[in-house]
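*Asks:* Read top to bottom, the protein sequences are chains A and B.
Positions 10 to 154 (the numbering used here) are the ones given, in order, by the first sequence.
Positions 5 to 150 (the numbering used here) are the ones given, in order, by the second sequence.
To be clear, the hints were calculated from the coordinates, so they are not data collected in a lab.
Just so it is clear, the structure is predicted and the values come from calculations on it, not from any experiment.
Where a beta carbon is used, it is the ideal one built from N, C-alpha and C, also for glycine.
Some hints here could point you the wrong way.
Chain A side only, calculated, beta carbon under 7 Å to chain B, not exhaustive [to be verified]: (1) 30; (2) 47; (3) 53; (4) 88; (5) 120; (6) 124; (7) 127; (8) 131; (9) 135; (10) 138; (11) 146; (12) 148.
In silico negatives: residues of chain B with every beta carbon more than 12 Å from chain A [stated by the list, open to error]: (13) 26; (14) 30; (15) 41; (16) 76; (17) 87; (18) 94.
Calculated pairs, DSSO-like style, for lysine-lysine (alpha carbon to alpha carbon, straight line, at most 27 Å) [claimed, not checked]: (19) 130/A with 98/A; (20) 124/B with 128/A; (21) 17/A with 74/A; (22) 17/A with 124/B.
Now for the letters of each chain:
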Amino acid sequence: MNRLEQNKKTIVRFFESFTMGNDFDFESNLIREDIQFILSFARLDGLTMVKNLFQTERNVFEDLKYNIVESDVIVEEFSGAAFWNMTGKQVGTFNGVPASLNQVNVPGASLFSFDETGKIKEIRIQIDLLSLMTQINGVKKLYDF
Amino acid sequence: MALTPVENNEVCLTFFHTAWNTGVVLEDLLASDAIDHSFVGGKSKSEPGSESFKQIVGMFRHAMPDIQITILDEIFAEDKVVHRWSLTGTDTGGVMGMPASGKSLTFTGTTTVRMNDAGKIAERWANVDELGLLQQLGVVPPPPGA
Chain A
10 MNRLEQNKKT IVRFFESFTM GNDFDFESNL IREDIQFILS FARLDGLTMV KNLFQTERNV
70 FEDLKYNIVE SDVIVEEFSG AAFWNMTGKQ VGTFNGVPAS LNQVNVPGAS LFSFDETGKI
130 KEIRIQIDLL SLMTQINGVK KLYDF
Chain B
5 MALTPVENNE VCLTFFHTAW NTGVVLEDLL ASDAIDHSFV GGKSKSEPGS ESFKQIVGMF
65 RHAMPDIQIT ILDEIFAEDK VVHRWSLTGT DTGGVMGMPA SGKSLTFTGT TTVRMNDAGK
125 IAERWANVDE LGLLQQLGVV PPPPGA
């Protein structure tokens, strides 16, 4: 497997199993302990914080999934991008909004940086948070203002 | 003949820099059957042609005439180009129908483009931090702890 194929496989596995909290081999081999996980509203420093974030998300959104299309994953030698739809049912408080029990479907993108050994060293997230907050009744729709 | 990934990226850089920084949408860089999948500013369905993108650019340039794009990351391979960007401008015209705030606003997003074999932009997807923009305007409260 060449480097590009390896990067693509790493990204797919990140979404299909690491985010589900059940891929310990991935944790030890494919993601750096000092990973930087950057959202528009927060920056998480290190693997423990990233794992805690996904654990919290799984508690808040029942049946949480990040749905990606493998053929749409774009990779270079040291970077990659993936586009996903996050789905799940909001059963816990998110961003101060109590459980709505609503099913959500939110698009987003993740941009990955890899180190020389192929481990993920940085992930930047772009999520349509306005759409998510609207779907859980957390914000009035844009044109209602 | 299809362009190289580097050339595809250059086409996209020219297209987006020109559109956002000057307001001119270079239609000759768009495929005749181009589709815009960008659900921004209240849009909720894919639209053919250049009108959808023109509306989005026009809306923001009306609100922020000095708006400028900065490309923060570029990833390109085969027929796809991904840009992470920020847009910065002064809200002198009112964003999304709201009164002008006079504030300097910055918001971020990603755009993905599929190029066709003729080296034209065939499809465009954008993901924009609209909530962050509304929070800067004070229309939506910041997240807890911010």
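*Asks:* Next, verify each hint and record whether it holds.
*Replies:* Evaluation of the provided hints:
Checking residue 30/A against chain B by beta carbon gives a least distance of about 24 Å; that is not within 7 Å, so the hint is violated. Interface restraint check: residue 47/A against chain B, minimum CB-CB distance 10 Å, threshold 7 Å, status violated. Below 7 Å, beta-carbon pairs count as interface contacts, and residue 53/A has none with chain B, the closest being about 14 Å; its hint is therefore violated. With a least beta-carbon distance of about 5 Å to chain B, the hint placing residue 88/A at the interface is held under the 7 Å criterion.
Taking 7 Å as the C-beta contact cut-off toward chain B, the hint placing residue 120/A at the interface holds, the least distance being around 6 Å. At its closest, the beta carbon of residue 124/A sits 16 Å from a beta carbon of chain B; the interface hint therefore is violated under the 7 Å criterion. Checking residue 127/A against chain B by beta carbon gives a least distance of about 16 Å; that is not within 7 Å, so the hint is violated. Nearest Cβ of chain B to the Cβ of residue 131/A: about 10 Å, over the 7 Å cut. The hint is violated.
The restraint placing residue 135/A at the interface with chain B holds, with a minimum CB-CB distance near 5 Å, inside the 7 Å limit. Residue-level restraint check for residue 138/A holds (minimum Cβ-Cβ distance to chain B is 4 Å; threshold 7 Å). Given hint, residue 146/A at the interface with chain B, is violated; its Cβ is 13 Å from that chain's nearest Cβ, farther than 7 Å. Taken as an interface hint, residue 148/A checks out: its beta carbon lies about 6 Å from the nearest beta carbon of chain B, inside 7 Å.
Here residue 26/B stays apart from chain A, with its beta-carbon at least about 25 Å from theirs, past the 12 Å limit. Annotated as non-interface, residue 30/B keeps its C-beta farther than 12 Å from every C-beta of chain A; the closest such distance is 23 Å. Listed as outside the interface, residue 41/B is inconsistent with that label: its C-beta sits roughly 10 Å from the nearest C-beta of chain A, within the 12 Å cut-off. Chain A draws residue 76/B into its interface by the beta-carbon criterion, the shortest separation being 9 Å against a cut-off of 12 Å.
Not every Cβ of chain A is farther than 12 Å from the Cβ of residue 87/B; the closest lies at roughly 10 Å, contradicting the non-interface assignment. The Cβ of residue 94/B sits about 20 Å from the closest Cβ of chain A, beyond the 12 Å cut-off, so the non-interface label holds. This hinted pair does not check out: residue 130/A and residue 98/A have alpha carbons roughly 30 Å apart, beyond 27 Å. Note on residue 124/B and residue 128/A: the hinted pairing is violated, with a Cα-Cα distance of about 34 Å set against a maximum of 27 Å.
A distance of roughly 18 Å separates the Cα atoms of residue 17/A and residue 74/A; the hinted pair therefore holds under the 27 Å criterion. Pair hint residue 17/A plus residue 124/B holds up; C-alpha atoms about 26 Å apart against a cutoff of 27 Å.
When held up to the earlier numbered hints, the structure conflicts with 1, 2, 3, 6, 7, 8, 11, 15, 16, 17, 19 and 20 and fits the remainder.
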